[in-house]
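Residue numbers (this note's numbering), protein chains in the order written: chain A, 1 to 376; chain B, 1001 to 1532; chain C, 2001 to 2352.
Think of the hints as simulated: they come from the structure by calculation, not from any bench.
From a predicted model like this one, the values you see are computed outputs, not experimental measurements.
For glycine and all other residues, C-beta sits at the position ideal for the given N, C-alpha and C.
Do not take every clue at face value.
Unchecked claim - A few chain A residues facing chain C, derived, Cβ under 8 Å:
1. Phe79
2. Pro91
3. Ser93
4. Ala94
5. Asp95
6. Leu165
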Amino acid sequence: MFDLKNPSRRKFLTMAGTAAGASLLGNTGLVVPSAYGAGALGAVKEEDAVIAFGHVGPISDEGWTSTHHDGLVAVKAAFPKAKYLEIETIPYSADATRTFRQFVAENATLIFSSSEYGDLLAEVSNRAPKVAFMECNGHRVADNFSWYYVKHWMPTYVIGVAAGLMSKTGKLGYVASFPVPSVFTSVNAFQMGAKSVNPKATTQVISINSWFDPQGASQAGTALLDNGADFLFGIMDEAAYLQVAEKRGIPAAMWNTDVRRYGPKSYVTSCVVDWRKFYVEQTRKRLAGTWTGNEQILLPLGEGVDRDAWGESVPENVRQTADAVRTKMLKDGFNPFAGEIKDSAGKVKIAAGEKMDDMALYNWNWAVEGVTGLAT
Amino acid sequence: MSVALDRSLAHGVGHVADPDAAPVVSLRGITKIFPGLIANDAVDFDIRAGEIHALLGENGAGKSTLMNVLTGIYQPDAGQILLDGQPTRFVSPAQAIGAGIGMIHQHFKLIQAFTVAENIHLGWGETPVLISAKDIEDRTRILAEKFNLAVRPEARIDEISAGEQQRVEILKVLARGARILILDEPTAVLTPPEARELFKALRQFRAAGNSVVFISHKLDEVLAISDRITILRAGKKVALREAAGCTPSILANLMVGRDVVLHHARPASPHQANPGDPPPMVLQDVSALNDRGLPALTGIELELRAGEILGIAGVAGNGQRELSEVLTGVRPLQGGDIVIAGYRVPSSNPAMFRDAGIGHIPEDRLRSGLAPSLSIIDNAVLREYVIPPVARGHFIDHGSAAALAKRIAKDAEVGIPSFQMPVRNLSGGNQQRLVARREMRIAKSVLVAAYPTRGLDVGAINTMIDYLVALRDSGVAVVMFSEELEELLNLADRIAVLYEGRIMGIFNAKGADMEEIGLLMGGKTKHGERVA
Amino acid sequence: MAFRLQRLPSVRPEIAVAAHAVAIGLAFVVGGIAVTISGHNAFTLAAKVLTASFGSEFGLEDFGLLFGPLMLTGLAAAVTLRIGLWNIGAEGQFYIGAVFATGVGLFFSGPPWLMLTAMFLAGGIGGALWILVPTLARAYANVNEIITTLLLNFVAVLVVNYLSTGLWRDRKQSVLGATARIPYEVPNLSGSLHAGILVAVAAVVLMALLIRYTRWGYEVRISGANIFAAHYAGIPVRSRLISVMLISGAIAGIAGMLEVAGTVHRLQGGISNNFGYLGIIVAVLAGGSPIGVVFSGFVMAVILNAGIILQAQGILLNDVLAMTGLILFFTAIGEQVAHYRIVATHVVAQEA
């Protein structure tokens, strides 16, 4: 919004700066002409392709980042002659810009950013028009830039149904990272699913300002349980709070992958994601020259995102009730995010009869009634 | 020049080691070069069994360096060390002590937070691996009795006096089987009674057939304790004399290399104060606290007079440091007033005192008078950096600063290879001269000189005293702190005695009763009663 | 013959430079062996690092974007070393400087030059305010500034998180809480390299001149070299200490302003990139000298930039961090070793 306030000035400064810089540095003879794009966005031979992956966390997290790394492994298997670059644990600082720029300098053909780096990534993509960028959970598009994500709210609603049925008190706990849309949507879907089967269900949220902080997640889980919650959910890149739940004998649902080995008794299910097919397909398109920018891709339930197989302690009636909702979504296109929906202050935000569409769900930035602890 | 030392102890001169015995240690042609300085130049030095051999020389003559070469702290650039006739070389002090040569340094190398017993057993091969505090204290007690050195094994080093610390150092060395004991300026930190005790112990040690090297620049004590005297000057050995038959003036001439005037009382000041002028400084009922917040000065009444030297006598630790700091504005007052030239000072501030023309040669120049790691120029302008031409508005004129430093060095007769080098690279005596000259430049009305001759050799002492006298004659009020009563009697016009933070009395130096002053320094009057 | 070490009281500059060079060289040798063992060609990698850092426009820009803030945070730590104090809190002052600048940039508007000036001042004031309490505690109650400045770093991180994910949050950005984009930007010199690096160089030169050529600087140097001598000379040590600490905080705060207004354009957690802590290392390697900060900041920027390049070559992050640590470790040792010289000695003859 603000960056549009003064576009001409900004553009002018950038252009003038680039021109001045280029002449300044060009005259020294030190500078090799920069490799802003190795070839046009047309077809690329497999052996000439360089596919780069930038991750927010460690690939060993057995969670978010490892699912993307699995995607890379699948792409590698499909196109073994291409060159691959992968950098993990990229901070949300100017280091991110440096890292993605390094990919460009290495003649990357297609760059996947497995988390949103926003301006820090745009800084690079704007100056590398011949390189294809794909930003997971992104919010902007360009001719060389598309974003992709999963409709995680669908399986999350199903998990919410299970939570509503399994909780005795109706007090649910949620370990959150930042008050950003993907978290709002996740919390809301969870709460709405629970409330659909348990009218007194409420969800308490604790944010730990990180996607990967096992210690912080454990502390938050403990605090939620101490506060009376008897079901835990969250959106962490790793599985720390499951271990807390297992110790306390409380059921918990997870994100990303099947991590039941960390808490076999507590494990209910997981909002699992699988990027392999998607990444292979995007890479194939890029090589064939059919990849396009300006795409907004949300993978639907069953094609990249789903609930995991139910945990051993989930009762049969819970499985059946929750799975019935899932089947309804898959078969009948059921959209549970329909009015009337009130926000956490009790104000009607979605009137009766209205439905939230995918983009509304993707950009959700307020908490529904029954959610506490998530700033609106 | 020291009355504190009992002349009667000079009987030791009568003791003679067997002159034909082969020396236990022999240094042959030792040369030690530091960057820009030849510290030792082909020096020969012998130590016989059963002798006390003094190593005499001015500060910077190379005495300590020579002994550091012998004990393995430095490696010689040329020359040979013969131990019992065999060529040898020590790589570390530990090897030297293993061969029976132990050195007691001027600055003790004890661990303050450890007890006496712990210090003695630290790093000693004979210390049992597992031992209780009581065991090492018992062992220490036995050692102390054996060598007749009174120490308290259980006391912590930071609780005991300098004299006792020195005994601990000596005991530490003797316990490790030393037969040659090297002492570097051992009496500098001792009171006269402690010095007497030390000399007694050294004679006992010699009587058992051992040897002592006694490093000093004090003529009286060298004559009192030693059998033979080697004199170094500017890194070279200039003479080896039997102590018997030497006189202080012979030694002084050898040491300094020119005729020096010793112990001359200066004529009285020609300066006549204008009777209408207010005194340059008056202290009225002044009290002050020491660094630990305890009362250090009480009810001080003192009037400084233009053109006279006021001596402050007293045993160290009776408020001298605090008084010198009060006089120069460094220490705030607890009560009372300071009146400078008729104006009451609202609060103490050294910069303001400096502006009022009050110079300050501090007690410990490296601690408070200089910034050791900074250049000679930076240190030279410490008092004048706010005054043109060094100051130009808020800026420093480096050209003028360098010129000022050169000027001070020239006045102080200190040769300086580079004014950019850190001031700590200068010898102690040269540092003292620079500080003195720097302070004299700003001392337009008062100069407070705390122990200005401490640590100086004969030549430097005379120069320093000449400085003070010249300043007095120009009408400056000089306050001189000293522990050496004789020095004060020679130099001062009046003498104030300080005891436990009080002025016990003020005397005209001419015709002063030395006995009375001595008693007051100990807190007693002539009639024997203790002063409250 | 045997050899022993002898410690020298001061080091000749050429020896110190040589020691640093040897240390860095050794670290590269050890690092090279490590990458060779892990199956890479050390020489190819080294060539890659050099060409990628200095042979391309991107590389030079990245290098400059690291060099600028490192000079400033290094300078912040170095000026306090001149008066014998440690500012461990440049990280926090950096953040708070960024917070103040962001606040001005988001909630006021005006012509860009005016707004950038206001943000610059606000950044400096923010940094100075963040060190104010440790400064006063040190000056009036002798409370150790190392601990107070360090602890405030953690508070600053929480303040930034609170503002960027709460009060000032931009509702559009996902994944990580951040404020809206600040509409005022430090002008760029070349590509994304902004003018902050010039500010950094100017700050270094200005501080070096202040310390060398002013009465204030002289008083600071004396106070740092011997506080007793400073008292003796009537130098207002407390006031100098306060001014040095506040200047240090302001420099770190300005570094934060330049990062947020020149590089990141939004206030969000993690933007400091550890520049505050790295600045301490830069200052120590520079021996507390402002001009030395230029050289040690340069070395540090090369190291950090090389880290990213090496990761793109498939060296794992942990290995890169280990190598970075190794270089600093060797340099620190080299610093000490420069104080010694080796002298040849004969072995002692052990006769009775």
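Comparing the hints with the structure gives:
1. Because the smallest distance between the Cβ of Phe79/A and any Cβ of chain C comes to about 17 Å, over 8 Å, the interface hint for this residue is violated.
2. Satisfaction of the interface hint for Pro91/A is found here, the shortest Cβ-Cβ separation to chain C being roughly 5 Å, below the 8 Å cut-off.
3. Interface hint status for Ser93/A: upheld, as the beta-carbon distance to the closest one in chain C is roughly 4 Å, under 8 Å.
4. The beta carbon of Ala94/A comes within 5 Å of a beta carbon in chain C, closer than 8 Å, and the hint placing it at the interface holds.
5. Hint on Asp95/A holds. Least Cβ distance to chain C is approximately 6 Å, under the 8 Å limit.
6. For the restraint placing Leu165/A at the interface with chain C, the shortest Cβ-Cβ distance is roughly 31 Å, beyond the 8 Å limit, so the hint is violated.
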